[in-house]
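Novice: Start from the sequences, fold in the hints, and give me the full structure.
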Amino acid sequence: MTPPPALHLSGQAKIGDTPIFGPLVMEAPAGQWTCLLGPSGVGKSTLLRLFAGLGDEVTFEGTFGAGDGAPLEGRVALMAQGDLLMPWLDVTANVTLGARLRGAEVARDRALGILDWVGLSDHAAKRPDELSGGQRQRVALARTLMEDRPVVLLDEPFSALDARSRARMQDLSAELLAGRTVLHVTHDVAEAARLGQVVLVMTGDGMSMAEPPCAQVPRTYDAPGTLAFQGALLRQLMEAQ
Amino acid sequence: MTRALHAAAATLLAVLSWQALVTLADLPRFILPGPGLVAQALWSNRALIADHALITAIEVLVGLGLGSALGFVSAILLAASPLALSLLRPMLVFSQAIPVFALAPILTLWLGYGLWSKVAMALLIIYFPVTSAFFDALMRTAPGWLELARVMNAPPARVMWHIRVPAALPGFASGLRLAVVYAPIGAIIGEWVGASQGLGYLMLLANGRAKIDLMFAALIVLGILTLTLHAAVDALCRRLWGA
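Protein sequences appear in the order of chains A and B. Mind the numbering: the first sequence is residues 1 to 241 in the numbering used here, read in order. Mind the numbering: the second sequence is residues 242 to 484 in the numbering used here, read in order.
There may be inaccurate statements among the hints.
What the hints assert, rightly or not - Some chain A residues close to chain B (C-beta under 7 Å, calculated; not the full set): (1) A52; (2) G74; (3) V76; (4) G82; (5) L84.
Since the hints were derived computationally from the structure, they do not count as laboratory data. Glycine included, C-beta positions come from ideal geometry on N, C-alpha and C.
Specialist: This is how it looks when you write it as structure tokens:
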């Protein structure tokens, strides 16, 4: 893996004539976990799609990209809200999808190792429909790790999970994605309070930075510092437009 | 078990209504023979009917195989290439404006009285439903999967083969289910226009000799043939793709 770059964006986005977000400025430092917190419809997924190279429908006026100036293509992995598993492939084949799609050699042993990290070694030969929602999202995490990209974009990947599976996924992801540049779009203040080394609050007013507690991520969910930060984030959201 | 029971009851009801119609309306046997007479004709001509049914079955199966293969390849080509789509789609749609039946004499002229003119009819009649069902499914791949593939830097041909085609196989299966019911129509029309074998030929022959009971016997065998094929294809699709 190449060293993770910082991400920056400055400008405004439209789809057709409809303004989506901005003008605003965003910086995500290299090798850190940045949470982009905001209400639905504020354009945070669109912003993420730009970095993923998917914003074909978006007219963006401004600049965005990697801090090292090199193109982002080929350095980005994406984990979306849905697990996007292929129902006709077993877990191992889903995890190694990227290699097959590129016509590269499939590193099966590495895939099995990663499945072991996410606690799914016993399920390697199962089909997605035999797994629970939490397990499926862990397969999606394994697939993301298998790509081994320095930049990881997360688009509300845990929002469909129940509270307990979500907390576990947060711990697991924070552990396994540490050291990469993570841009994590979420509307969940508790999630941002636990995971964000940098927390950016995106509202109709624009982008503002919140000051997270100094505890290491993933922060304990019931620690007073985490809870206070969670409250502060919600207040910031409520007081914005 | 209940399904088999229902099917048996439905068959019995149909046979009884048939007999009742013949008896009550006092229909002569050269207009509509009763089920008993038809069963008799079926039994006494079993070898003859079996020979002709085998020919029709071969025509249908070969037409089905070739037509589905051609439809499979065409749909992928159309889905993969916008150029192919814009050139070929108007032609495909126009070709549907010509009734396939109208082509039967021409096909007989070109391919002769044997197997191939019937295979061509069956092929032509199923090609469009298979192609369009599969093509539609290929164009409806979940956007999330395509985006994931893009972020993974997958070339289009590999996205087609590893994602779009497998995701669209249930659509191909529904095209195939339609095809299996249409294919015998093509084969029979082909046989009517010019043949020396097959159930369609046998029906015309029986009709010409006023053997109406034999005609109905052939018709029933044709129906059973189609139903069996449909059940087989259905089971195959379920087993392969769970759809």
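Novice: State for each hint whether it applies.
Specialist: Comparing the hints with the structure gives:
1. A52: holds (5 Å)
2. G74: holds (6 Å)
3. V76: holds (6 Å)
4. G82: holds (6 Å)
5. L84: Check passed: Cβ of A/L84 comes within 5 Å of chain B, closer than 7 Å.
Taken one by one, the earlier hints all hold for this structure without exception.
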